[in-house]
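Protein chains in written order, with this note's numbering: chain E, 1 to 242; chain L, 1 to 113.
One or more hints might be untrue.
[Claimed, not checked] Short, incomplete list of chain E residues facing chain L, as computed with Cβ under 7 Å:
| no. | residue |
| --- | --- |
| 1 | Leu4 |
| 2 | Phe5 |
| 3 | Ala9 |
| 4 | Val11 |
| 5 | Leu36 |
| 6 | Val70 |
| 7 | Ser132 |
| 8 | Ala139 |
| 9 | Phe150 |
| 10 | Gly154 |
| 11 | Ala177 |
| 12 | Ile194 |
| 13 | Phe195 |
| 14 | Leu219 |
| 15 | Ala220 |
[Unchecked claim] Have a look at the derived ranges for each label pair, beta carbon to beta carbon:
| no. | chain 1 | residue 1 | chain 2 | residue 2 | range |
| --- | --- | --- | --- | --- | --- |
| 16 | E | Leu213 | L | Lys5 | 17 to 27 Å |
| 17 | E | Asp148 | L | Val81 | 32 to 42 Å |
| 18 | L | Val78 | E | Val217 | 44 to 54 Å |
| 19 | L | Val81 | E | Leu68 | 27 to 37 Å |
| 20 | E | Ile7 | L | Gly113 | 47 to 57 Å |
| 21 | L | Val78 | E | Phe17 | 31 to 41 Å |
| 22 | E | Pro199 | L | Leu23 | 35 to 45 Å |
| 23 | E | Phe17 | L | His101 | 38 to 48 Å |
| 24 | L | Glu85 | E | Met127 | 17 to 27 Å |
| 25 | E | Val137 | L | His101 | 32 to 42 Å |
| 26 | E | Glu196 | L | Lys5 | 23 to 33 Å |
[As the list claims (entries may be wrong)] EDC-like mimics (lysine to aspartate or glutamate), calculated; alpha carbons at most 20 Å apart, straight line:
| no. | chain 1 | residue 1 | chain 2 | residue 2 |
| --- | --- | --- | --- | --- |
| 27 | L | Lys5 | E | Asp2 |
| 28 | L | Lys5 | E | Asp148 |
| 29 | L | Lys100 | L | Asp110 |
Everything labelled a hint here was simulated from the structure, so no lab data went into it.
C-beta atoms are modelled at their ideal positions from N, C-alpha and C, and glycine is treated no differently.
Take a look at the letters that make up each chain.
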Amino acid sequence: MDFLFFISALVAVAGTFLLITHRHPIYALLGLLVALTASAGVFLALDAPFIAVAQILIYAGALAVMFLFVLMFTDTRTDEDTGLPKAVTARAVFDVALTRPARIKKKKEGEPSKYNPLRFLAPVNPMALVISLCLLVCATFAIGQLPDSFGAFGTLPTAYDGTLMNPATVTAQEAAANPNYLEYGTTEAVSRTIFEGFPLAFEVVSLLIFAALLGAVLLARRHLAGTGMPGTQDVGKESEHA
Amino acid sequence: MLEPKIVLFLAAFLFSAGVYGVLSRRHLIMLLMSLELMLNAVNIVLVTFSRVWAGRWSGAEGTGLIGAHSGQFFTLMVMAVAAAEVGIGLAIIVAIYRRKHTADSDASADLKG
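Next up, chain E with everything else stripped away, as it sits in the complex:
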């Protein structure tokens, strides 16, 4: 378990660095994918196999594909690609509009920067770095202030059957013989928690996801004109398309 955790943590940190340092969103997405998958390993090390599988299905599966699709839809170039402050970029665009030859000359001058080994890294934002490091220091201090009971993971109860079985007195074989045998973190235990403990929250979340589905379809539609939706205008011929 310890081994699994430390390997997963290492991979998660590596993926995080990939996410926050890379300039191109596709590579950053790859880093996010690595970090989220490694987090599934962390969940597995924390005796939560159901959460680990859900993590891979939802985050690494569905969300990553959604991000990838939108990255393909949109232009991934931003000012970050030029490595220039925004004002300079705006001026460069202005120059292009007035004097086209100047731009060509500029491009040739900029050629050697292609061979810069750090060209794929996003420029470091010192203010953001200071703020996030302060946050990390504060969080580390808070973790250090935790009571001693957080010094170790205790032994899990052998089984859950409404009343717990003491791991000191009940062996695993005896617990498994119980018809209501439930192990910590398994699908059955988590599903019974959902439906016996929090059924209303579960239903509300399913409604939320349905609403999000409808909202996403509505927001991303191409032709809103002619649908009579508030905030849209008929644009003549296009309204027949809608």
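Once you've looked at the hints, dock chain L against the given chain E.
Quick look at chain L alone, frame taken from chain E:
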């Protein structure tokens, strides 16, 4: 020996990295990705606390099946809300891109005085 504090430190690091990503990038999709990382760090904290609580066997009220798995249930809720949030967020980004032809967050400043 694996300690809860080590896991919590990993979560704190992931959260801080997410904050750095949100603050330093201008691409809207990069913002959403860093946000996902922060939510994931919170999930790790929830699962850790759930495991710590389950390990404190006492047989008393609140340490039964539901009490021991509450943190994992909250994690599932966070995942569902994150999925909904990303769906809406990406749809908004597509709409913004269609209107402004850029995914730069600084481009959406129409309300700026």
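Hint by hint, here is what the structure shows:
With a cut of 7 Å, the hint placing E/Leu4 at the interface with chain L is violated, because the nearest CB-to-CB distance is about 9 Å. Because the smallest distance between the Cβ of E/Phe5 and any Cβ of chain L comes to about 5 Å, under 7 Å, the interface hint for this residue holds. Contact between E/Ala9 and chain L, as hinted, is supported at the beta carbon level, the nearest pair being about 5 Å apart and thus within 7 Å. At about 11 Å, the closest approach between the beta carbon of E/Val11 and any beta carbon in chain L exceeds 7 Å, and the interface hint on this residue is violated.
Checking E/Leu36 against chain L: minimum C-beta separation of about 6 Å stays under 7 Å; hint holds. With a cut of 7 Å, the hint placing E/Val70 at the interface with chain L holds, because the nearest CB-to-CB distance is about 5 Å. Checking E/Ser132 against chain L: minimum C-beta separation of about 4 Å stays under 7 Å; hint holds. Contact between E/Ala139 and chain L, as hinted, is supported at the beta carbon level, the nearest pair being about 4 Å apart and thus within 7 Å.
The criterion of a C-beta within 7 Å of any C-beta in chain L is met by E/Phe150, whose closest approach is roughly 5 Å, and the hint holds. The beta carbon of E/Gly154 comes within 3 Å of a beta carbon in chain L, closer than 7 Å, and the hint placing it at the interface holds. For E/Ala177, the shortest C-beta to C-beta distance to chain L is roughly 18 Å, which exceeds 7 Å, and the interface hint is violated. With a least beta-carbon distance of about 6 Å to chain L, the hint placing E/Ile194 at the interface is held under the 7 Å criterion.
About 10 Å separates the beta-carbon of E/Phe195 from the nearest beta-carbon of chain L, more than 7 Å, and the hint is not met. Below 7 Å, beta-carbon pairs count as interface contacts, and E/Leu219 has one with chain L at about 4 Å; its hint therefore holds. Hint on E/Ala220 holds. Least Cβ distance to chain L is approximately 4 Å, under the 7 Å limit. Range check, E/Leu213 to L/Lys5: about 40 Å between beta-carbon atoms, so the 17 to 27 Å window is missed.
Separation of E/Asp148 from L/Val81 is about 33 Å and conforms to the stated range, judged on CB atoms against 32 to 42 Å. A hinted range of 44 to 54 Å for the beta carbons of L/Val78 and E/Val217 is inconsistent with their spacing of about 24 Å. Our hint of 27 to 37 Å for L/Val81 and E/Leu68 is violated, since their Cβ atoms are close to 21 Å apart. With their beta carbons about 52 Å apart, E/Ile7 and L/Gly113 fall inside the hinted range of 47 to 57 Å.
The hint said 31 to 41 Å for the Cβ distance between L/Val78 and E/Phe17, and at roughly 24 Å that hint is violated. The supplied range of 35 to 45 Å is met by E/Pro199 and L/Leu23, whose beta-carbon atoms lie about 39 Å from each other. Hint check: E/Phe17 to L/His101, Cβ distance near 31 Å, so the stated range 38 to 48 Å is violated. Here the CB-CB span from L/Glu85 to E/Met127 is close to 26 Å, well matched to the stated 17 to 27 Å.
Between E/Val137 and L/His101 the Cβ separation comes to about 41 Å, which falls inside the hinted range of 32 to 42 Å. At roughly 32 Å, the beta carbons of E/Glu196 and L/Lys5 sit within the given window of 23 to 33 Å. At roughly 13 Å between alpha-carbon atoms, L/Lys5 and E/Asp2 fall within 20 Å of each other, so this suggested pair holds. Distance restraint check for L/Lys5 and E/Asp148: the Cα-Cα separation of roughly 10 Å lies within the 20 Å cut-off, and the hinted pair is therefore satisfied.
Among the hinted pairs, L/Lys100 with L/Asp110 is consistent with the structure: their alpha-carbon atoms are about 11 Å apart, no more than 20 Å.
In this structure, the hints that do not hold are numbers 1, 4, 11, 13, 16, 18, 19, 21, 23, in rising order.
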